[in-house]
Amino acid sequence: MTTLTFPLSRIEGHARVEIEVQNGKVISTRFKATEMRGFDIFVQGVPAEQMPVIVPRICGVCSTAHHVASVKALEDAYGVTPPPLASKIRSLLLLGQLLQNQATSLFIFTMPDRVGVNSLFEMDTVPEDKAITFEIAQRALKIRELGTDLITLAGGQFIHPVRAVVGGVNAGIPAEQAERMAARLEQVLPMACDLFDAYWELTIRMKDRIGSWGDDQPAYYITSTGKVKPDFNSHEIRVMNPAGECCEIFSPSSFREVLEFEESEYSYAGKTSYKGGVIRANSLARANLTAHMGTKVANGYLHRLRIEFGTPAHPIMLFELARGIELVYAIERAAQLLEQPLDKEDTDVPYTPRDGEGYGLVEAPRGPLIHHYAIEKGKIAKAEFIIPTVHNMLSIERALKVAAERYIQGDTVNMELERAVGRVVRAFDPCIACATH
Amino acid sequence: MAEKINNQEENTVPRFAVLQLSGCAGCEVSLLNAHEWTEQFKLTYMPLVSSAYAVPEVDILLISGGVRTDEDTYHLKNAVKNAKKVVAVGTCAISGGVANLGNRDEVRQLFLSRQDRLEVPRMLPRSRPVDDLVSIDLYLPGCPPTPELFMAALTNPAGYPASMIVCQECGRKKLKEPKPDHFLGFQKGKVDPEICLINQGYACIGTSTRGGCRAPCTRAGHPCVGCRGPSNALIEKDSQAWLEAIQKVFHGMTNIADEELKEALLSPQLALFLFQFSDYAGGNKPPRPKEKVL
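First to last, the sequence lines map onto chains A and B.
Residue numbers for the first sequence follow numbering that gives the first Met the number 0, beginning at 0 and rising by one.
Residue numbers for the second sequence follow numbering that gives the first Met the number 0, beginning at 0 and rising by one.
Since the hints were derived computationally from the structure, they do not count as laboratory data.
Each pair of labels, with its calculated beta carbon distance range: (1) B:Lys175 / A:Gln339: 37 to 43 angstroms; (2) A:Gly309 / B:Ser112: 45 to 51 angstroms; (3) A:Ala174 / B:Arg125: 47 to 53 angstroms; (4) B:Asp69 / A:Val227: 49 to 55 angstroms; (5) B:Arg121 / A:Glu19: 18 to 24 angstroms; (6) B:Leu109 / A:Pro241: 36 to 42 angstroms; (7) B:Lys261 / A:Ala174: 42 to 48 angstroms; (8) B:Ser112 / A:Glu375: 19 to 25 angstroms.
Covered by chain B, per the in silico footprint, the following chain A stretches (three or more residues, Cβ under 8 angstroms): (9) 114-120; (10) 141-148.
Fair warning: this is a prediction, and the values are worked out from it, not measured in the lab.
Just so you know, even glycine gets a beta-carbon here, dropped at the ideal spot from N, CA and C.
Make the full structure from the sequences, and use the hints.
In structure tokens form, the structure reads like this:
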């Protein structure tokens, strides 16, 4: 038997893929997360009120989602409901996160696969289309930065936000700052659309070259976004079966009853399944489980996706196109929110800390994220982080198997496999720092 | 990336690499926000953004994250061989960061029980700062360092205009009154936008934390947790001196009783502060010289 090992790059964190082959037959495909810091263990004994500042450090890419989930978990434990303005500002924070993440995933992680370079920073080495690709890289970085600036505006710090507090947020957003940001977002929108159009076109070219949109079987889909339109500051989780029917709606506190969790013997990241079936979270799950985008331009793109691929859509490269739709949505929606007054109403409500259990849910860019804390004497007695990448673990491994079987035949391994492994994994945009925490 | 680079002699463009050990990638995300470097440097290795699998010869090597596994150790020792200048970036690389909370005896055993898996990198008994293993030319503390600090580290660390302490960059007014009687903790009560957080009863340690970050947290109404480490006045002294300096500030500006103050500073009440900097606070190595810290 032979084991092929593929180190991974252009994903968040440390992981590799191992494929076992015997007599030309693929025996297994393993996704191996190779790091762990142990947040669930080392936060034990930490004062509960510090969690919203500690947990963003689980991941510098997904920090905002952890920050807000943590505050919501404490609010659940203390029995507090934040005022509407605070929810709006938290939604803005999560949109900043979405914008930054989808720009990173689309342009820094996966655009190079479409152009055939090692990184976005080598785009100018492509002999043909040189001017175009150089332009793409510059614009991509600009859009990404805007996401960070939106997080800074709504969250205080630029990577590990501090502004969401138990009971609300610690400040509103002054009108002039909101106007300035809204203007920048509106200015960037056409540029983002151009880039996404170019990305879509390059994706079709890549599909033509490899002869597939990512041919894996249908799966269950899981998300906590809104049913009619997107909502990242979410409250309940929905599951869609492979035929496209919503088959389960549950609150974050019942995740153990609905989902099956399995520790891995070969990876620091576990795996989740639903009634023994493979699940997918992330952008495609949201595209399949939300009726509309709720904003004009993003809706147009979603319409195009549905005409071309139907509902629910399954090919894995559509994760990336759905991510582009959300990039456009995040810009449009954030601009809408910033046009409303964000410094006139109450930012927070008073609260009294108490012991007990709390669950906090948000829809992170990678899917539904749950923080669960048990608090005793004001300190964390137990913490669980239910990470969307873990929901995707089985689906990543299954899609890798499809790719491996495509490129390993008889006595030969087509070295396209190396690129295919990267492409498959990046389509799911896993976050290893989060998955292993 | 810039066109300029192609027009220049390849070898005149400084090359740099980014080695990420066990961390959160927040430092890398911040570096990506400092994208002016794309016009002045060639990035040759950074797995987060580039499919390159070994550190080539570089002028500058940035290292983020703590040393948590045997694989971290291996990558770290190999990478520095090819670098002219080595920069430790972020709180994890410099003093363990928030993951240092895992070094507490009461959770350490639990922690090590997790590594019972097939062929994954082995956990070290403790998370270690990078200068436990290799020699460092420049320290760039912060969780994460701002894009501005990254640019300074790459281009002109000695010329970076930083204030001594976070307070000088914060802009909140320090008043004689009110003097709070008790700590509010981290996140309780309404934050006045103009007045010093200590006046309001928050356990802010910006008074002795290294400046240069431009105080984004305190300006946003969150107390400084000291992620940039001690200021130059304290960095070469032992941790006790640092704690005493903080206590002195609270004695002067508040009526908080000694006992409450001590508990706040020495117990997990300030867990972030205490454990992020536990290496400064009582490690067995000599303090880092201030001229090496940006």
